[in-house]
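Student: Sequence:
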Amino acid sequence: MLATQAHAQSSVTLYGVMDVGFVSGSGDVANWKGLASGRNMSSRLGFRGAEDLGGGMKASFVLETDIAADTGTGVTTPFAGWSSTDNKSASANGSLQFNRVSTIGLSGHWGSVTAGRNYTPTFLLDFAYDPFGENGAGASLLTMTSAYFNTAGSVNHLRASNLITYTTPAHSSGLSAMVAIAPSETVSTAAKEGGVTSIKLGYAKGPLMADIASAQTKLASSGDIKTTSIGAAYDFGAIKPMFEYSRDELGAAGANAVKKGYLAGAIAPLGSGQARFSYSKVDRTADNATAGQVTQMAVGYVHNLSKRTALYGTYSHVSNTNYRNTPNAGYSVGSAVSSINGKVKAYDLGIRTTF
0 MLATQAHAQS
10 SVTLYGVMDV
20 GFVSGSGDVA
30 NWKGLASGRN
40 MSSRLGFRGA
50 EDLGGGMKAS
60 FVLETDIAAD
70 TGTGVTTPFA
80 GWSSTDNKSA
90 SANGSLQFNR
100 VSTIGLSGHW
110 GSVTAGRNYT
120 PTFLLDFAYD
130 PFGENGAGAS
140 LLTMTSAYFN
150 TAGSVNHLRA
160 SNLITYTTPA
170 HSSGLSAMVA
180 IAPSETVSTA
190 AKEGGVTSIK
200 LGYAKGPLMA
210 DIASAQTKLA
220 SSGDIKTTSI
230 GAAYDFGAIK
240 PMFEYSRDEL
250 GAAGANAVKK
260 GYLAGAIAPL
270 GSGQARFSYS
280 KVDRTADNAT
290 AGQVTQMAVG
300 YVHNLSKRTA
310 LYGTYSHVSN
320 TNYRNTPNAG
330 YSVGSAVSSI
340 NGKVKAYDLG
350 IRTTF
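Residues 0 to 354 (numbering that gives the first Met the number 0) are what the sequence shown spells out, left to right.
Simulated from the structure, these hints should not be mistaken for lab results. Treat the hints loosely; a few may be bogus.
[Stated by the list, open to error] The calculated lysine-lysine pairs, modelled on DSBU-like cross-linking and capped at a C-alpha distance of 35 Å, are:
1. K280 <-> K32
2. K239 <-> K191
3. K344 <-> K280
Can you make the complete structure from the sequences, with help from the hints?
Tutor: Here it is, written out as structure tokens:
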């Protein structure tokens, strides 16, 4: 981490993550082996700046880009909406772009306001209650199945562009709130779409934390995507169990679809590191389509070599029952390919460091 000081009241910090793992995935259609980036934490490069404006107010900015640490290139994201600039269409990013986070804002005793590309409140709930931090073979089934839930976009479960976010200040009661809105940036003669509205209410005090969140993305062709999620965790010291339930609805006549599921997991200190476990299940229904189901079990361990560097290993098993993650394939991990009734096994072994 490198910090530079323009004068006593402002600073800019360079930070990042480098993470490369060996991945092996075995599916009933195709297998895959190789190196991949971000299997424990997403590889990234970022700049963070702040200026003290006086009176308890600060100005700040964040610019953060994805890195494919195994190739040294920018990250190509084929998932519709996850790298979208308009929250309604696919936009693969094959070069170095600051589309992880790109925000500017103000903060004070009243809370904080940021504007730009940022995480949605519903995704922040997903992240908080996934033992694997949304990365690698064990990444949350609730989040990852949303990538292809609708071809037009899936920003409710990751990031949105053009987002204005207000977050309440820390309070002794443990209560918090976050509200995020992205306008539909369309001309007056076109249908309003690409707009995002999301809210999260939370509680965190002592060993208990809990959140409830909802989001809606406006889409003209397929109908809006609506997400509702709830999560809770309790830290007993020796183990921290956690749970999330999430429901996505897609609301267009002839294409109505519902994806709902839960994740039960835990993290526990073990030796000089942390053991992780999760079990999740997702059911999907749609007009004129047979219902499908997918389950996932994942176990892993992160061995800390220092405060910044760690070795890790994760194993995951997926079972599809008529589950169509895409029109012709089931859900899969480890870059393997599965049929809609197939099973997948995958593991990651890697190293990660932060700076």
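Student: Each of the hints needs a verdict: does it hold here or not?
Tutor: Evaluated hints:
1. K280 <-> K32: The hint holds at about 26 Å.
2. K239 <-> K191: Cα-Cα ~43 Å, so violated.
3. K344 <-> K280: holds, 16 Å
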